[in-house]
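Chains as they are written, first to last, in the working numbering: chain A, 1 to 295; chain B, 1 to 254; chain C, 1 to 398.
Treat the hints as calculated values from the structure; they're not laboratory data. Check each hint, because a few of them may be wrong.
[As the list claims (entries may be wrong)] What follows is a list of derived Cβ distance ranges for each label pair: (1) C:ASP352 <-> A:ARG95: 21 to 31 Å; (2) C:ARG370 <-> B:GLU112: 51 to 61 Å; (3) A:LEU280 <-> C:VAL369: 55 to 65 Å; (4) B:GLU169 <-> A:TYR171: 55 to 65 Å; (5) A:THR168 <-> B:ARG237: 55 to 65 Å; (6) B:PRO184 <-> C:LEU351: 36 to 46 Å; (7) C:THR362 <-> A:TRP121: 50 to 60 Å.
Where is the CB? At the ideal position from N, CA and C, for every residue including glycine.
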Amino acid sequence: MTAVLAFVSVSDLVIGLSLGSRLFLIAVGLSLIFGVLGVLNFAHGAFYMIGAYVALVVTNQVVDNFWLAVIVGGLAVGVIGVLIEVGTIRPLYERLDGELDQLIVTFGFVLVIHEAVRFIWGSQPYSMDAPASLAFSVGIAGSTFSAYRLFVIVAAFVVMISLWIFITRTYFGSLVRGTSSDREMASMLGVDVPRLYTAVFFLGSFLTGLGGALAAPLQSVSPALGDQVIIDAFIIVVIGGLGSLSGAFVGAMFVGILQSIGPQFIAAGHIAIPFLAMVLVLLFRPEGLFGGIGE
Amino acid sequence: MTTVLKTEELRKQFGDLVAVDDVSLEIGGEEITSIIGPNGAGKTTFYNLLTGVLEPSSGSIWLGKEGDLREITDDPPHEVARNGLSRSYQITNIFEGLTVRENVQVARITHEGRTFDFRSRAAKDEELNEDVDELLALTNLTELAETPCETLSHGEKRNVEIALALAIEPTVFLLDEPTAGMNPTETREIVSLIRELDEDIDATFVVTEHNMDVVTDISDRIVVLAEGAVLADGEPREVLSDERVTEAYLGSEA
Amino acid sequence: MSIRDESIGDRIGTFGREAIRNGWTRERFVLLGLLGLVLVSLGPPFQVYLFTEFLIIALFALAFNLLYGYTGLLSFGHAMFYAGGSYGLAIVLRDLQPHIADTIGSGIAPLVTFVIGGLIAVVGVLLLAIPIGWLSVRLEEIYFALITLAFGMLVYSFIIQNPQGLTNGTDGIIVTLGITEIGGTELRLGDRQTYYFLTLAVVLPSIYAIWRIVHSPFGTICKSIRESPDRAAALGVNVTHHRWMTFIVSAVFVAISGVLIAGLANVASPYHSHWTTSAIPVIATVIGGATYFSGPIVGAFVYLYVRWGISRYPVLEAYWEFFFGVMLIVVVLYFKGGAAGGLVLLQAWLLDVRTAYERGGTSEAWAFVRESAAEKQRNLSARLSNLGRSEPSEGAER
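Taking the hints into account, I'd like the entire structure generated from these sequences.
Spelled out as structure tokens, the structure:
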């Protein structure tokens, strides 16, 4: 183990963590929505992409304020999420094969959003500048990193911790946990389940929109972004456990680091390993390596 | 009485909750046995243990004809069914998207071990449909044969449910709340159907039922479950006049 | 070829008159269909190509639907078997063609190699589907969709990785079908028309085989599992085992379509194994109507021809996926019967119109048309005003 670690440079590790942080911001909303609503949102990667584009539009065309752009990106995606949930997912909860129908409907939105983005912004990749306040470099163990890259890692930790507090310590959080473990019971106890579902869908969409906006300076923003990240997000939530927040965190870091250091050790195998892990977890621990909501 | 179904100290625990508490029963012969008990007495869990849906925590289950009992304790549901235990469900569970005929075909195909038959065409298979027609006649469904089940009334669906269960020629037929959700007319019809079938068919009937009129009407023997254990067991008159039984019921309903 | 004869027009005329006089027997329908299929081959090369592709995608979707519409399992990884068929053929053509030519003479070798390559590809996919199916059917619903997606992408990573030069990495393998000589006549397999007939000769019997499977006792059990797995088990059906068998049968027919697409596209491409290719039969089947046997065929037709139709309008061309996204959403939400279901309803409606016409002539028929249109409108507005309101749950009614 130490022999292996010796080959891992700090630089790879930091890049892996920053990749993992971006992936976490997508996966956590996906996992939250599945854990509470039982809906696997195929369009979640597309939502992430919208967040990035909205942030771009705000900084380029409205006001040059990065932080405002990030918030607007998250809110815009949250609102789109609510519209989609209320209009097209809600009617399917009571169907016998509703889960599969929801997967197919959200896949329909993958196609719709992908083409709409291409129509509005074209196929060319965009890049976004990091905020001026973080446009400097930091040296760690002989390597230099942009401060913004480190900031995104911190942001992922902050989101993780605040979400955890929100779910475990607040009244709304207790409703979420209760509804995710027993929907009918929650309904009988007077929880307005449809409204709660919409709220959770908003939260999950908001988080991925926020993630997309935050990650925009670190990656090229193009219509292919959604398709790229959704499969990674699926891998992460399966490995961590569909519905588990801490699982999403650990899964995201695992996939992120694997993507950054993998190529040096296992050549092309690093593409296969996440899928292999996904298969193994589904077969032997379908509830994921970590527990449920709030754990 | 020849025993066809036997449980020995059958037990199921969910954590600290004992849902079925060392139940030992022998059921058999010509009689119709009713299993009754207040809500939460463990009837559903007991049925799920018998049919292999749940694994017992301890104890054993035996099934067979003419005293030739085999252990089925660890068999999965489909093996239990093949060994001769058939059931109907409290909440009607039939193949809603298929026609009545197709529903019964499923059971016959399985029973005849033809699930991997690719050559014949189910709709035109005479051998298969002869048996199906017979069963449809027996359960008053002949005229509805080509109707999709989702368009049937609640009572008619119940008949399909019974036709399905009988189609695999069971040794023991478990009916789970056969009159649940039925109006008085439908209830009378289903009771007389059960009676007729008991006469015509060589299977032992076990019924859970909460309608006490129905219970006293059809049962030759009543087993009362309370808190997962057998509280009383015997002829209807005897059991229903038992004070402990009254207490168990009234106690739970008060 | 006598088909190009002048008399063809007369023959069709005679056929039509006889049909009208004697009624439409099934044999006549089949004959007319076959005639139509032959006529397609006379069209411009691009149309022949498009129709060939339609046949292949139709088989792909039909095979997929054995598992989805008939057994209730949604696979998001069937591209692995599609690519398996493609690569099986491509590898045999690349590595074994010279040996086969040496053994049996170069004249007939290309055709023989194609057949052998196809068979090896299908057997290869069979061997792949047996373990993958066995593992996958242990899961249900969303989890089944996810594990098939993962297996599919594992196969994709394997192909990209190019183990020992077997799959040629991201470039894929070029497929050359060559020229066959039989008794002095040259037959170019890669020729659009020839390949179209070859595809027909494989796809039509395959469709018939799937039709027989669906209507066999085996297929009846599949449908029962779709409707209620626990009920089927309580009647003695080994649900897991039956799903596994259906998975394998489905994979085998997908492999056949994969072999055919490699010959048509002249390449076995890693793209054939990517999850976005797995989405093609999903889109075609859902839009066509998963609950109808013909649904995937109609869906494949819509998929390819709507796309072709859109491509005629350059402004829309680039965005054709948008329309399929919208169609998916609309069909799942409002019309599970899909396009095939729509055709069935349309036929019933036209029969009603005819009845009205026979009852009271044109005015009666027109009145019926207006009446039913008004009813549709009422239903639609009622539905729109209900939109967003949650429907009462079944559990609550109990």
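Cross-check of the supplied hints:
1. C:ASP352 <-> A:ARG95: 21 to 31 Å: 29 Å Cβ-Cβ, so the 21 to 31 Å window holds.
2. C:ARG370 <-> B:GLU112: 51 to 61 Å: 53 Å, holds
3. A:LEU280 <-> C:VAL369: 55 to 65 Å: 59 Å, holds
4. B:GLU169 <-> A:TYR171: 55 to 65 Å: 57 Å, holds
5. A:THR168 <-> B:ARG237: 55 to 65 Å: Hint holds: Cβ distance 58 Å, inside 55 to 65 Å.
6. B:PRO184 <-> C:LEU351: 36 to 46 Å: With Cβ atoms ~42 Å apart, the hint holds.
7. C:THR362 <-> A:TRP121: 50 to 60 Å: 53 Å, holds
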